[in-house]
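**Q** Chains D, R and A: place on chain Z using the hints.
4 protein chains.
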Amino acid sequence: MRAVVYKEPFKVAVENVADPKILHPNDAIVRITSSCICGSDLHMYEGRTAAQPGIVFGHENMGVIEEVGAAVKERKVGDRVVMPFNVACGFCNNCLGGFTGFCTTVNPGFAGGAYGYVSMGPWVGGQAEFLQVPFADFNCLPLPAGTEHEAAFALLADIFPTGYHGAELAGVKPGESVAVFGAGPVGLMAAYSCLIRGAAEVYVVDHVKERLDMAESIGATPINYDTASPVDQIKELRGGSGVDKGIDAVGYQATKAGSSAVGGEQDEVPNIVLNQLIDVVNPTGALGIPGLYVPSDPGGVDANAARGALSLNFGQLFEKGLKLATGQCNVKQYNAQLRDLIISGKAKPDFVVSHEVSLDEGPDAYVKFDRREDGYTKVILHP
Amino acid sequence: MRAVVYKEPFKVAVENVADPKILHPNDAIVRITSSCICGSDLHMYEGRTAAQPGIVFGHENMGVIEEVGAAVKERKVGDRVVMPFNVACGFCNNCLGGFTGFCTTVNPGFAGGAYGYVSMGPWVGGQAEFLQVPFADFNCLPLPAGTEHEAAFALLADIFPTGYHGAELAGVKPGESVAVFGAGPVGLMAAYSCLIRGAAEVYVVDHVKERLDMAESIGATPINYDTASPVDQIKELRGGSGVDKGIDAVGYQATKAGSSAVGGEQDEVPNIVLNQLIDVVNPTGALGIPGLYVPSDPGGVDANAARGALSLNFGQLFEKGLKLATGQCNVKQYNAQLRDLIISGKAKPDFVVSHEVSLDEGPDAYVKFDRREDGYTKVILHP
Amino acid sequence: MRAVVYKEPFKVAVENVADPKILHPNDAIVRITSSCICGSDLHMYEGRTAAQPGIVFGHENMGVIEEVGAAVKERKVGDRVVMPFNVACGFCNNCLGGFTGFCTTVNPGFAGGAYGYVSMGPWVGGQAEFLQVPFADFNCLPLPAGTEHEAAFALLADIFPTGYHGAELAGVKPGESVAVFGAGPVGLMAAYSCLIRGAAEVYVVDHVKERLDMAESIGATPINYDTASPVDQIKELRGGSGVDKGIDAVGYQATKAGSSAVGGEQDEVPNIVLNQLIDVVNPTGALGIPGLYVPSDPGGVDANAARGALSLNFGQLFEKGLKLATGQCNVKQYNAQLRDLIISGKAKPDFVVSHEVSLDEGPDAYVKFDRREDGYTKVILHP
Amino acid sequence: MRAVVYKEPFKVAVENVADPKILHPNDAIVRITSSCICGSDLHMYEGRTAAQPGIVFGHENMGVIEEVGAAVKERKVGDRVVMPFNVACGFCNNCLGGFTGFCTTVNPGFAGGAYGYVSMGPWVGGQAEFLQVPFADFNCLPLPAGTEHEAAFALLADIFPTGYHGAELAGVKPGESVAVFGAGPVGLMAAYSCLIRGAAEVYVVDHVKERLDMAESIGATPINYDTASPVDQIKELRGGSGVDKGIDAVGYQATKAGSSAVGGEQDEVPNIVLNQLIDVVNPTGALGIPGLYVPSDPGGVDANAARGALSLNFGQLFEKGLKLATGQCNVKQYNAQLRDLIISGKAKPDFVVSHEVSLDEGPDAYVKFDRREDGYTKVILHP
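Protein chains in written order, with my numbering: chain Z, 1 to 383; chain D, 1 to 383; chain R, 1 to 383; chain A, 1 to 383.
Just so you know, the hints here were simulated from the structure itself, not pulled from any lab data. Predicted model, so just to flag it, every value in this text is computed and none were measured. We treat Cβ as the ideally placed atom computed from N, Cα and C, and that holds for glycine. Do not take every clue at face value.
As the list claims (entries may be wrong) - Simulated restraints on C-beta separations:
#, chain 1, residue 1, chain 2, residue 2, range
1, D, A13, A, H24, 50 to 56 Å
2, A, D302, Z, L42, 35 to 41 Å
3, R, S296, D, T227, 26 to 32 Å
4, R, S296, D, R371, 39 to 45 Å
5, Z, G299, R, P144, 41 to 47 Å
6, Z, G47, D, S217, 50 to 56 Å
7, R, P144, A, D302, 28 to 34 Å
8, Z, E210, D, S217, 32 to 38 Å
9, D, G47, Z, G97, 54 to 60 Å
10, A, G98, Z, E148, 43 to 49 Å
As the list claims (entries may be wrong) - A few chain R residues that face chain Z, going by a derived Cβ cut-off under 7 Å, partial list only:
#, residue
11, P25
12, N26
13, A70
14, D137
Only chain Z is shown next, with the shape it has when bound in the complex (with noise of 0.2 Å):
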């Protein structure tokens, strides 16, 4: 089959790879009809991982079911269905909890399985035309059968549950004020579920225009953070107070004011996020931290940040009595219910989606969604 396949740093090609088959008798195979390229790949892609040439790329994932493992019971050929990309087994002690994206059985000696993805395992990604989908009654959302709501149904795999994650980890309730950092799929997807969830107020922290107009199309208020600090932007709109809640949906390779709109180590202050929201939530406030943070980045800007290690200021944190919550996001926690809200029409979350392209143009919409260009916010890729 055909598959987007990482070359080398900033380029990965569509080439012939070897086609998926049922390995276990819980497996099945999927034929994919959308898988969306994520920010975080973009961490592959610059060659700020480990990852090595020949990894297929893809982990939001959604298609139809071709064919079913011998154990698989209530998934069926034909069944349109999106995948979480946490891969996980369902009864490890972890998924028991709810912590799906921490399984360990799917990744052994590891707490975490995805698809297409440096050291989450060694499943296959689905930026291609088909994909190998373990536990298939467990990992696979059933959905209404047709074509209706394709793109939001595809940002169920990731970014509308990550986001929607940021606002769980951060305890956000109805009539509270949020300030979410960051402005891309993630934050945008934070920003949509805070509202979803009856948030009165919720600021959006960028320095991307289009971003930002996105973020207040959606009922939110913009902040650039070229302009003047965010923290004070905020206290300022709310007469000297802080927020109660804040997410960060930037992670590591967080910028400094005025640096470029791509970003780059350069202008990379790795904790200035972490601080900022530190500042800005108020005491007995609660910090929700979907943004990636990583122990080992071979381009971090010292060796401390090298080594994932931050400076914080924690006494600050502490004598606010703040909280914080982190980690990557359980899917399979919110993906049943948002799957809902899109049915009944209450949530439109591929406002974000900005382009939707054929694999063979896979290769490309990396270069321009790298680039920030172009407007490239989410893509969409339809094998």
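**A** Chains D, R and A only, in chain Z's frame:
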């Protein structure tokens, strides 16, 4: 001062009564700008309680502080405030647990106090020019100065939080489906609150056209129980399935299909809504019951109803593993957050207000509201 | 293999039945080392259900894995395991929500399955030499190899988690006071669980001396309901106050004061415990109801009881703002943690085990357990 | 009256100071019967804060009400009471949310007040004969009359709730494993609280033999961090696995292995405990941090420590999906329940009390407690 006084069943009058005074250093006197008539006032008005003539009605009160006692610390003369219908101390065990509707200080020998309500303590009602508010720092919720959002803020005294309480008691979460029985003001606020909290589908059951229309206007699905079994209608719309959660916003004066819009004892079937909820909610679901049930009802349809004993399908409830939660709203748990939703423009609960009249028009409003005439859904008196 | 087979009301026999086989790739066959007789087996034994002759009893099963299907991944031949009485798939909506007692996969058309129980699916019971366990990775809880803690671990199949479930349904927290109705095995485990969770005061209501003595031995206060109203007794001991929480570990076969120790339809008052709980629990409190109530009881004391309709003091319940939660235990929510408490020596639930006998002695044990003869409280069969 | 007055670093004296008076109608004056010396008093005593000479120490106060202001409603002269170390109003937003340690009323411009503590408001300490208590109905927890449980009740002012707070911040649940760093009074109370809440395994890390012995005596496993890495020791005891939860009861004056028992700046490594917790807690786990961290430490080991900035292994923390929660204890969230555990005999926290002395012996006790001489673990002064 002038006040709405209960004279006898089906009769209230505006009369001169004694002005309230600061009786305790923590008291405040509030000049009332808005005081709503509540559906529960009608229980007294209709003679369905032990209320004696002479009682001043009014527990949904809002206004401006006119005077404060020597111990009041944060609230000042001139503050615009709205008071929860529950009078509460803030320091008894129940208040400390957030159960301000069950304060043991303000109504000795009973858990819970309110303004202008039979058996709820010595607190005079606020359908009047002035109101004595005890524990003013605790009981007065500050509002932005001015006159903006007057009607919406007035609903913070009772029905908006009480509707929200229904959603909270049922544990309504984003993406869920909910059946709300009753499209009176509390039912509409419950449905509205479910939507604010991110429910995917909300069904509202009633048989008054204007009320069902209002439910539809906010994005809920109206179900007319005169047409067919509401349980069957909802299950049919959902492809045979019930709903995740249910809310009873009707209470003990529930009526059967085909009864008159006004209700009346001849049509009452006090357990009908509860058993329909047990039927329509899916296994593992939950029922939130803000609708009033009483341990003593002089007008009960039979001896059991008169002592608040109802026949419930408990075997079915158990087999489904349902939860249920009851009781009057602890307004302080929600009123600040709901106020902030109104200020930010995210909530506009005053769609439910059908009439705003002067205090002198109060007696006429009672007659029409009780008869559901002229589209009377929710009335605010402006003294 | 040899198994305990139901013959007719009040009669079981040990007979040869077909050996279980791997029918699905996710199955395992477990060689049973311990299988308990449950109080709910007596419902079938006494003819109070629709159970037909020929059914093999036994849903509290423990043993060693003898064989695994091709799809079983983590569980191995030779593993010592205990199975929840609920059969569950791990991937249906209810299982994903933690409600493994309401699995919709294993018993089509119904929410919930179990081994060896009428209406709970095709699963053969484990009072036998071997047991077929579906979805073995999900349903088998691994235990330390060897024979240590055999009796305590066997209780992890049902009554220890079920008692704990009562405490969870009531939301028992450290420092609280609790009334537990019923000192049978589940009631004792509920009381024990409340103490493990840090309850300050636990009252246990029964009228069988041996059972009340056991309650006292673990630090609870025994209340004999034959002596006087249990509500009055508890309130007197607490200086007039009720309790924070209540647990019903009795269910629909509740009996009035002065009834025989064995029970029997002539003494049954199916709503008595529920109404006593409503009376004894303080306003704002909660009731946990693991005790069984059924929607259809052929032997019900009257027509209402026969269809599971009970008269509850609902007005009083509402006035107090009580919550209640029901349903059979989702064993997997608790069994790993309770296992770890047994391993660490912090929990020793086997104080409740009165008899351990061979499979052949099973029929005799049924007779005595049903009659509460010879101190029969909890029996374990060892095939 | 006589009181313990701070004179200069490492020196306090008992002196005559002005008697407290009723300054506000909600005040009470309490005659002190017990007032403990807290480890956090030593921060001031050692000159590690901005505390000025003349301050009266004492925030762990208990006694009998001597006088009440005109507005005090439920508390009476003669009531035996214990006061949370946090002074709180009961009606500000933070108090309403249960965050009484972050009251915005009692210490203008800051969230949180306390008796006798630098920067925590105008409230005079209680290591004295009398104490002014504001908002007496809210701040005085009533106790049974008499002298029983005097030492145990005195611990309700701070360390028992603060230790419990650690368990709550970490979300410790029945059956879990926990690592508690620090076996001072708060660490011991944290370990004790974990056991009360049903933890299966509790490891307590310290290097003072008497303290580790106390930990062992209550059923915890002592870990001496002078012997080897505490992380390695715990993982070895658990067969290679870490723990479910961690509690930091040490704070910013954490010391490295081999440091003197007394501590001292030369041995301090302020981030060592936090990073060890990140290492020892399993993925999906949580850290409760009641141990004090400050935004400004004049004696900090370097410029970063002096402003409360610590280097945390945040990449590792994120990869594991850990949560952490911080801040001083909101004593009122727990003190009534913990009191009830003491009354019922289920909790006996006074095992931690090593010395009870007169007020005049206070200065000598400060010297010995600061040096950890003569087994000084927890001292109560009886004026």
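**Q** Next, verify each hint and record whether it holds.
**A** So, going through the hints one by one against the coordinates:
1. D:A13 - A:H24: 50 to 56 Å: violated (42 Å)
2. A:D302 - Z:L42: 35 to 41 Å: holds (36 Å)
3. R:S296 - D:T227: 26 to 32 Å: holds (30 Å)
4. R:S296 - D:R371: 39 to 45 Å: Given range 39 to 45 Å: holds, Cβ gap about 43 Å.
5. Z:G299 - R:P144: 41 to 47 Å: This hint holds: roughly 46 Å between Cβ atoms.
6. Z:G47 - D:S217: 50 to 56 Å: holds (55 Å)
7. R:P144 - A:D302: 28 to 34 Å: Taking Cβ atoms as reference, R:P144 and A:D302 lie about 48 Å apart, which means the hint is violated.
8. Z:E210 - D:S217: 32 to 38 Å: For D:S217 against Z:E210, whose Cβ atoms are near 34 Å apart, the range 32 to 38 Å holds.
9. D:G47 - Z:G97: 54 to 60 Å: Because 55 Å falls inside the window, the suggested range holds.
10. A:G98 - Z:E148: 43 to 49 Å: holds (45 Å)
11. P25: holds (4 Å)
12. N26: holds (5 Å)
13. A70: holds (5 Å)
14. D137: holds (4 Å)
This entry does not satisfy hints 1, 7, going by the numbered hints stated previously.
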